[in-house]
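In order, the protein sequence lines correspond to chains X and C.
Just so we're aligned, residue 1 is where the first sequence starts under the numbering used here, counting upward by one.
Just so we're aligned, residue 1001 is where the second sequence starts under the numbering used here, counting upward by one.
The hints are simulated quantities; they were obtained by calculation from the structure and are not laboratory data.
A portion of the hints provided could be inaccurate.
Stated by the list, open to error - Just the calculated beta-carbon pair ranges, DEER-fashion:
(1) Thr1173/C to Gly228/X: 48 to 54 Å
(2) Arg436/X to Ala1075/C: 28 to 34 Å
(3) Glu129/X to Asn1190/C: 48 to 54 Å
(4) Lys358/X to Ile1169/C: 25 to 31 Å
(5) Leu1241/C to Gly413/X: 32 to 38 Å
(6) Gly1337/C to Gly413/X: 49 to 55 Å
What the hints assert, rightly or not - Chain X is nowhere near these chain C residues, computed Cβ spacing over 12 Å in every case:
(7) Gly1297
(8) Gly1337
(9) Val1339
Glycine included, each C-beta is placed from N, C-alpha and C at the ideal position.
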Amino acid sequence: MSTSSQFLSRRSFGKLAAGVAAAAAGTVSLGACSPGSGTASANAPLRIMAINHVWSQAIKRRLKRFEDRVGRRVSMTLLTADQLSNSYNVKLNASGTDVDVMMVRALQDQLLFGRNGWLTDLTDRVKGEAAYDWPDFQDAPREVSVTDGKVLSVPVVTERPALYYRKDLVEDLGGPPRTLDDLMEMSLELADRDRNFFGYVGRGQRNGAVSQWSSFLYSFGGDFVVDGKSGIGSPEAVAAYAYYGGLLKRTGPPGATNMSLEQAMPIFAQGKAAFYVDADAIYSNFLDPKISTVGRTVGFAPFPAGPAGARPHNIPSWSLGINRFSLLRDEAWEFVRWASGPEMVAELQAAGIPGARKSAWSDAKTLAAFPAELAETMRINAERGIGYDRPQVLQVGRSRDIVGRPLVAGILGEAVAPVARDANAEFDDFLVRDNRHRES
Amino acid sequence: MRTAKNATTSATEDTTGNPTDNAAGTAAASGGPTARTADGSPGAAGPGARGSRGRAPRTFEQANRRLKWAMLAPALAFVGLMIVFPLVFTLNLSFTDAFGAVNAGKNYVGAQNFLDALGDSRRFWPAVQRTVVFTVGAVVLETVLGLALAMLMRKPFRGMRWVRTVLIIPLLTTPVAIGILWLLILDPSNGIANHLLTSLGLPPQEFLGSVSQSLPTLMLIDVWQWTPMMTLLLLAGLTTLPEEPEEAALVDGAGGWQRFRYVILPMLGPTLATALVLRAVDALKTFDILYATKGAGGGSDFEAETLNVYAYGLTFDYQEYGLASAVLALFTLFIIGVVILLRRRTGRKTA
Chain X
1 MSTSSQFLSR RSFGKLAAGV AAAAAGTVSL GACSPGSGTA SANAPLRIMA INHVWSQAIK
61 RRLKRFEDRV GRRVSMTLLT ADQLSNSYNV KLNASGTDVD VMMVRALQDQ LLFGRNGWLT
121 DLTDRVKGEA AYDWPDFQDA PREVSVTDGK VLSVPVVTER PALYYRKDLV EDLGGPPRTL
181 DDLMEMSLEL ADRDRNFFGY VGRGQRNGAV SQWSSFLYSF GGDFVVDGKS GIGSPEAVAA
241 YAYYGGLLKR TGPPGATNMS LEQAMPIFAQ GKAAFYVDAD AIYSNFLDPK ISTVGRTVGF
301 APFPAGPAGA RPHNIPSWSL GINRFSLLRD EAWEFVRWAS GPEMVAELQA AGIPGARKSA
361 WSDAKTLAAF PAELAETMRI NAERGIGYDR PQVLQVGRSR DIVGRPLVAG ILGEAVAPVA
421 RDANAEFDDF LVRDNRHRES
Chain C
1001 MRTAKNATTS ATEDTTGNPT DNAAGTAAAS GGPTARTADG SPGAAGPGAR GSRGRAPRTF
1061 EQANRRLKWA MLAPALAFVG LMIVFPLVFT LNLSFTDAFG AVNAGKNYVG AQNFLDALGD
1121 SRRFWPAVQR TVVFTVGAVV LETVLGLALA MLMRKPFRGM RWVRTVLIIP LLTTPVAIGI
1181 LWLLILDPSN GIANHLLTSL GLPPQEFLGS VSQSLPTLML IDVWQWTPMM TLLLLAGLTT
1241 LPEEPEEAAL VDGAGGWQRF RYVILPMLGP TLATALVLRA VDALKTFDIL YATKGAGGGS
1301 DFEAETLNVY AYGLTFDYQE YGLASAVLAL FTLFIIGVVI LLRRRTGRKT A
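Required output: the full structure, derived from the provided sequences and hints.
Dropping the structure here:
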């Protein structure tokens, strides 16, 4: 054994280590080059990553049909929104080929993913087939799908805010509120906070609340960005901040600043609040007797009017895109075409999942799936709707963190105006930087 | 946080593993002569045999050293790939303007990211402050309580094993599960904590739902989880202490507190210092319970955003890879500084 020098001397070990490192570095840099240069084997499954949502579950149940048609196995992973965006970040930063179809939030991710070159250009595919009927998609969601003239995603689920209310409680007050002033008044009247009953419940978390607050902002006459500059310091925005903060502070549950959809929704579902504004796509939660005690008493109303009228959002909440590094891009498009084609959208909408196609919305049969009052609410909100519910920037997460700060100050009962002024300045700086990133 | 803990444990395994390595090495080396005879060299081994091969004479130690390197090589290569590479990569990123995607183009911008981070009074410095408050608060409480419990459990008593088993449970639970558990207990409208408080006639609290109570509440959860570890570490230290000095003090008429303060505590110094370093480093890097209970950004007013949570947000929510790497580099330097400070103070104490 003392002949170990023949085996491996320290110097040769050093050489070996350097060689291994160089080889590893070489593979890494080569791998980062061009997208989709290899080919996938014939029995590789088509990989779909999706949000855990009623839409994905409905599609998953119908996957067998698609597999039979294309003769390839499909594996579908369902994750929460946070996990999903983290997975994309990790996989696509490494130019990963192990995801083919990506479910994305067009308003949250698409600008950034487009800039990163992570999404396949679908323009020719969506416009190439008459049967797919691209113009059949609603205008607002369709516009969001286009970045720099390229179609990067196809909307599959749309969303508007709905005012959920308790029929049994508002009956004596003359029906659901039609204006935001009425909403405040009724919430104050119905709230009995000492007995754990709240007038209004809604999202209050800095980041999560921004998208639902957008409808209040628009209805007060404000907007996130006005002429390329921050609009959140305007008198209209400050009024909207103060109104929403006051509504939650005076009539809402304790700990509202920690609440997003997951915390606020159960409070209404357990009959502890009179009003709740959130996405209309979640209505089925309140009808399910296993998790809701208000199935018989829940009512649906259009978003109430503010000083500037009723101006809710109408957005594509989830869309399908194709990973640019995918080796199965043709098969992936096959899936997107199947899952977002006119027949499937009509079928899913008839099962209670609001899609983005005009044909489905004008079809009385598909609307029959929703409670009548909700269908009417959706129709009215879609008509009035604005196509975005958050700032349209690259770093949506960061912009929401800035925009949400005055909202939290309002809920905590602090003066909103100074915080809004500070946030306004911060948002202006942010927009300058964001624009620079967009152009580079 | 998990990785760091793994690293520490594997490091201790390395040190304890060393003697075995040496023993194996010696055994192999002492097997040397036999092997040489088997080679067919003249039976009278020794200098003659070596000279005939034209090699410099080699002692056992030299042979041993090479063998040691050869045996360590796989582990070192693994460490190099898994730890050094990411570190260097992160450091490299911190000098670039990487944004959006790591595999997109990036330019070197010098120390700009570091200047941006250090000049940021909205998020960076408050995060530093929260990290320090959280760590100092939690570790001080854990040390005091842990020492008290260790002193109580020092003398054997009936049911001691049960008490120790129960104590160790929070330590074994995953932090995310703990976060969710406490979220449910402390829920402002449905949780059992407020139910108990109101039944005692006390006003209900918002706990984690509130902006001002979140960080103290999280500190207490950390104390609940990690005090047992302090107890176990200090208990191990206490059992190794000689009993004579304490007996001598007893004979001299020292009271219980005096014996503890002037006899036990000084002798326990080194153990205490090691426990402090381990726990402080871990507490600085706390991430899971903060993220599980307060989400990205540490809550609505950033009330639980420590440096670790901030760096995570910069990476995964903002995709500011350059800035995030700079913050992480600064954070690592800060931790190293804390460790050096704590170690140096112990060194002086033991001297």
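Practice task
For the range 49 to 55 Å, tell me whether the beta carbons of Gly1337/C and Gly413/X fit it or not.
Solution key: Roughly 40 Å apart at Cβ, these two residues miss the hinted range, so it is violated.
Handout entry: Thr1173/C paired with Gly228/X, Cβ distance criterion 48 to 54 Å
Key = Taking Cβ atoms as reference, Thr1173/C and Gly228/X lie about 51 Å apart, which means the hint holds.
Exercise for the section: State, for the Cβ atoms of Arg436/X and Ala1075/C, whether the hinted interval 28 to 34 Å holds or is violated. Expected result: Because 46 Å falls outside the window, the suggested range is violated.
Problem - 12 Å Cβ clearance of Gly1297/C from chain X - result: Violated, since 6 Å does not exceed 12 Å.
Problem - Check on Val1339/C being off the interface with chain X, judged by Cβ distance over 12 Å - result: holds, 28 Å
Problem - 32 to 38 Å as the expected CB spacing between Gly413/X and Leu1241/C, which holds or is violated - result: violated, 55 Å
Exercise for the section: Using the beta carbons of Glu129/X and Asn1190/C, state whether their distance is inside 48 to 54 Å or not. Expected result: Given range 48 to 54 Å: holds, Cβ gap about 52 Å.
Exercise for the section: Check the non-interface label on Gly1337/C: least C-beta distance to chain X beyond 12 Å or not. Expected result: Answer for Gly1337/C: holds, closest chain X Cβ roughly 29 Å.
Problem - Satisfaction of the hinted span 25 to 31 Å by the C-beta atoms belonging to Lys358/X and Ile1169/C - result: violated, 58 Å
Going down the numbered hints, you'll see the structure goes against 2, 4, 5, 6, 7, while the others check out.
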